[in-house]
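Q: Each protein sequence line maps, in turn, to chains X and L.
Read left to right, the first sequence gives residues 1 to 633 (full-length UniProt numbering).
Read left to right, the second sequence gives residues 1 to 418 (full-length UniProt numbering).
A portion of the hints provided could be inaccurate.
Heads up, incomplete: computed chain X residues facing chain L, CB under 7 Å, no partners named [stated by the list, open to error]:
#1 460
#2 462
#3 469
#4 478
#5 571
#6 576
#7 600
#8 601
#9 604
#10 605
#11 624
#12 625
In short, the hints are calculated from the structure, not lab data.
Only a predicted model underlies this, so the values are computations on that prediction, with no experimental measurement involved.
By construction, the Cβ of each residue, glycine as well, lies at the ideal position given by its N, Cα and C atoms.
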Amino acid sequence: MEEISNFPLNPEPPEEESPQSQMHESTPDRKTMRTTKPGIKRLILSLTVLFSFIIGFPFLWKSIEIYRAPLPFDRIESFSSQLESDPLHFPCRFQAIFVGFDFSASRGLGPNDVAAAITRKMSQLNPNSSRCGNCIGGDYDVSVVIDSGSSCAQTEGSEAKCPLKCGEVVFGGKLSDEDFDEMLKRCLGNVGGGGKGYSVVVFNGDKEEGEVRAVVGKYRHAWVLGHVSEDEAVSRTAEIFARVFMNAGSEGNSIRSEFMPVGADGRIVLSFSLLNAEPQDWIYDWSFHEIDKTLLHPVIQALQPIANITVESQVLYYTPKSSFSYWDDIHGSHIFSTKDLPFFLNSNEWHLDTSVAAGGRSKVLQLVVYIPSAKECPLQLELPNGDLSKTNGFISPVIHLPSKFPYFIILAYFGILQMWGGVVVWNPESCVKDLESKDPDRRVISPQNLQKLFEVLMGQLRQLLGLKSDNLYVGQSGAYILLGSERGFTEWELDVLSGKHVCFNLHSCATTLGSLSRLVQSLPRMIIIDEIGKQVKFSLEAAKFAQSYASTGIYNASAVSSRQARSLVEDAFFHPSIMSISYYSFEHCFAIYSPFFLPVTMHVILAALREWKRYKQENRKYLAWKAKERIVS
Amino acid sequence: MEFCFLRILKLTMKVLVMLLLFLGNIKNSTAYFSSSSEATMHTNNWAVLVCTSRFWFNYRHMANTLSLYRTVKRLGIPDERIILMLADDMACNARNKYPAQVFNNENHRLNLYGDNVEVDYRGYEVTVENFLRVLTGRHETAVPRSKRLLSDEGSHILLYMTGHGGDEFLKFQDSEELQSHDLADAVKQMKEKGRFKELLIMVDTCQASTLFSQLQSPGVLAIGSSMKGENSYSHHLDSDVGVSVVDRFTFYTLAFFERLNIYDNASLSSLFNSYNPNLLMSTAYYRRDLYQRHLEEVPVTNFFGSVMETIHTDSAYTSLTNKNFGGAKTKTFLGQSFSSSDINSVRNSDDEDQFNNLTAEEDQHDEAGQCIFCAMDSGHLWSFILGNVITHESVDFFVCYGLVLMLPLLVFSTWLSL
Chain X
1 MEEISNFPLN PEPPEEESPQ SQMHESTPDR KTMRTTKPGI KRLILSLTVL
51 FSFIIGFPFL WKSIEIYRAP LPFDRIESFS SQLESDPLHF PCRFQAIFVG
101 FDFSASRGLG PNDVAAAITR KMSQLNPNSS RCGNCIGGDY DVSVVIDSGS
151 SCAQTEGSEA KCPLKCGEVV FGGKLSDEDF DEMLKRCLGN VGGGGKGYSV
201 VVFNGDKEEG EVRAVVGKYR HAWVLGHVSE DEAVSRTAEI FARVFMNAGS
251 EGNSIRSEFM PVGADGRIVL SFSLLNAEPQ DWIYDWSFHE IDKTLLHPVI
301 QALQPIANIT VESQVLYYTP KSSFSYWDDI HGSHIFSTKD LPFFLNSNEW
351 HLDTSVAAGG RSKVLQLVVY IPSAKECPLQ LELPNGDLSK TNGFISPVIH
401 LPSKFPYFII LAYFGILQMW GGVVVWNPES CVKDLESKDP DRRVISPQNL
451 QKLFEVLMGQ LRQLLGLKSD NLYVGQSGAY ILLGSERGFT EWELDVLSGK
501 HVCFNLHSCA TTLGSLSRLV QSLPRMIIID EIGKQVKFSL EAAKFAQSYA
551 STGIYNASAV SSRQARSLVE DAFFHPSIMS ISYYSFEHCF AIYSPFFLPV
601 TMHVILAALR EWKRYKQENR KYLAWKAKER IVS
Chain L
1 MEFCFLRILK LTMKVLVMLL LFLGNIKNST AYFSSSSEAT MHTNNWAVLV
51 CTSRFWFNYR HMANTLSLYR TVKRLGIPDE RIILMLADDM ACNARNKYPA
101 QVFNNENHRL NLYGDNVEVD YRGYEVTVEN FLRVLTGRHE TAVPRSKRLL
151 SDEGSHILLY MTGHGGDEFL KFQDSEELQS HDLADAVKQM KEKGRFKELL
201 IMVDTCQAST LFSQLQSPGV LAIGSSMKGE NSYSHHLDSD VGVSVVDRFT
251 FYTLAFFERL NIYDNASLSS LFNSYNPNLL MSTAYYRRDL YQRHLEEVPV
301 TNFFGSVMET IHTDSAYTSL TNKNFGGAKT KTFLGQSFSS SDINSVRNSD
351 DEDQFNNLTA EEDQHDEAGQ CIFCAMDSGH LWSFILGNVI THESVDFFVC
401 YGLVLMLPLL VFSTWLSL
């Protein structure tokens, strides 16, 4: 600034400003005064340029501005904090029906006391019931009906008929478990008014009845038959409620319990592959259409709320395994051990992922049937404890040494966690290769074998979803037979799955929303198009719906909404319009635009400043001259 | 020079940055640390292998990448989990004397372009944009699965890049550049979405270490072939092919891996210590301040191999066929048998001693590394310049500051010219 103020003191004024002053050479003090008004043309010109620059600046700013759709950051925040503070719970109603018991006579307990006892026991068995997706913890909604034969008592608000109508029929007749289950469904089906009421019926039998038989049906009912004491009846009921119905019998450590193998777009592609390791020995084929129609279809229907499942199948040739196996004389078969399992998969030769239907973010579960070549047939899996897989309860009735039973063997099956899927090794009926024929030995897996195979694959699918496939649950107070459903999943298992699924989806939705909002806030130059804003909004709405459905106990709708919420927010996060390159840093922006404008603007500003100074200087001179004139006149 | 200029701007625009901070637009980087889920298991492996340069004389870059591709495949990463990006097609180049073959050694014993090479992005598809899309996962819907990095929060990712680089950039396709900022941003986004558990970035370019300077996400380990101001040289010329066929850093990396098989458990630090600066003619640099685990305990197969956890399926689901096969068969209860097997969980005690001897060396490396980063910090800059007049970095910064000083000079000269 000092420089500028000094400047006019320059003894030689610039030549271009002189024409007016030169006309008044006669005036005595040319340096301090002038007779004419200073010209303002140049000042106006330079100021106009400067102002046009200044006016243009907002336009430029606007033109390089990046469009960012407003995201509801506060709603995202409140949604995730709410989800954290108040885990999602489903309302569940439990109903215990005791037939042939007289609690009031033996113990002096009314139905309300029994209900309280069951609730207490359930809380003991299920201490971490506040886990997300579970039934509402703390006070379970337990109702009790006690039918002693002569009298019948029930808790208030219980919806069951008292006395139980079909009790006598059941007790007298010898029905199979399946028929019993169906009958209970008919009798108790209306309990809970179509909602999700779980019920356990305990029939007290005579002492001669033999062992107690406890069965959990494929709907939402369980029953205990036989001679049980009152205490045992209560504890068994509580155990069925707390451990089986609420947790699906899992202790939570079989597979990462919260993991759901469902793609971010809510889809699963089940890819079934039949691998012929050495087609020169034999080539197997399967009639996959039959499986798909009869066995797979109901499973897919059952899982519909959880995931949109599509099925693919393929038969591959020349797919050797990559781990080693050795011949074992005692077992008469080739053995590979469980510690070699991670190397079994020969990813370089097994071209499994050939799916064209699977979209970018859907999950593909590979279910693989491996048929060994002649020189490694039969192939068996050795368990860590040194036993072969044949000691496995399920296959022991079928498997023996191949020489004795050279027809059908399922040998080893194992699942591979997470993304992948499962593998079954299936040994051909006869390991003897047909040496004479030149043509490849083409065979088809028989429908029975296929069915067996499918059962194992089904077990693997269930395992991937976090469910066990044992048909027996051994609890603290005894063993329970678990009836299976031809749909692959029983109703109560589906309830548990839905609960877990809703929870997983909402949590994943909340974390993705959080990530997105952090990302958007940390990168101020990132473009956010309207679509992303909409997706986030809809996702939040879907999540709200899922929560409200969950609170009213509508599992399926809740699962569907939560899936939608997750897939929408994933779409928003992975929107292709968000690209790193387009949101360069501010420094970058500055570096790009400053070469265009900096040299020019500097001159314009300096020129305007100089002209302003000059005008002031000259104006002062003119005023001085005027003042002098006034004095003179 | 452009980047030097950028850094000057960064310093001069401090006020503006402060303003942005006030507006709350820039979140503290610690926010990202909280979102990382440390408890997740390592469940799968991915590899992204990138060759960024075109033209015949860059044959060696493609050979580098294909060699790495072969190595990780041999060590167990399946093809569908490898994203291979090759900027040019040397195998089918008209100048290639061995059509459809690529060699990384003049003995021509190993054809890298043999069978089962699945190139996911080739030629002009290898762009900075596509590379960043692969990392961040933001693809158009039509992009097939095989071209996507479908990793999750349990993934270990190996990111290998080779090409021509400079101070904080890597040249793509002779036309554009990947800046260290872009890479750091992409990695940050990956971390934010849980797309990796651990990430190993391996770069074989000139001044490779500068590419890591902006990284800030935890779980990232970075190794570069050369320090700032150093070049990465090719290893040898193949007179039959007519060009250099492999770079030194990659050559010695491969030499290390050729000794290993899928069951080995050599640690990352043994890999890092295997680089001899005299042989490389540059200093291999690794940045490990973002990486929590001890390198001595991490087997190389954690990144270069594949891990798979398996669970034995105890029982089939029999109920589907109950009707056909009679009533429900009650089975005896079997304990669940796990066989979770991390390929290399056992360590050799012999190796341990070896590592102990080498730790001193490592510390020196580390100090050198820190110096670079403190040099980046503008606050210590003047003291740094005064302290080390002769070192390479100070010269660079001297130039940068000279440019800053020229700015008032420019103003003054403009003033005079008026």
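Q: Confirm or reject each hint.
A: Hints versus structure:
1. 460: 5 Å, holds
2. 462: 6 Å, holds
3. 469: Given a least distance of 4 Å, the restraint on residue 469 of chain X holds.
4. 478: 12 Å, violated
5. 571: Cβ of residue 571 of chain X sits 9 Å from chain L, so the hint is violated.
6. 576: 5 Å, holds
7. 600: For residue 600 of chain X, the interface hint is violated, since the closest Cβ of chain L sits about 11 Å away, which is over 7 Å.
8. 601: 11 Å, violated
9. 604: 11 Å, violated
10. 605: Violated: closest Cβ of chain L sits about 10 Å from residue 605 of chain X, beyond 7 Å.
11. 624: Interface hint status for residue 624 of chain X: violated (26 Å vs cutoff 7 Å).
12. 625: 27 Å, violated
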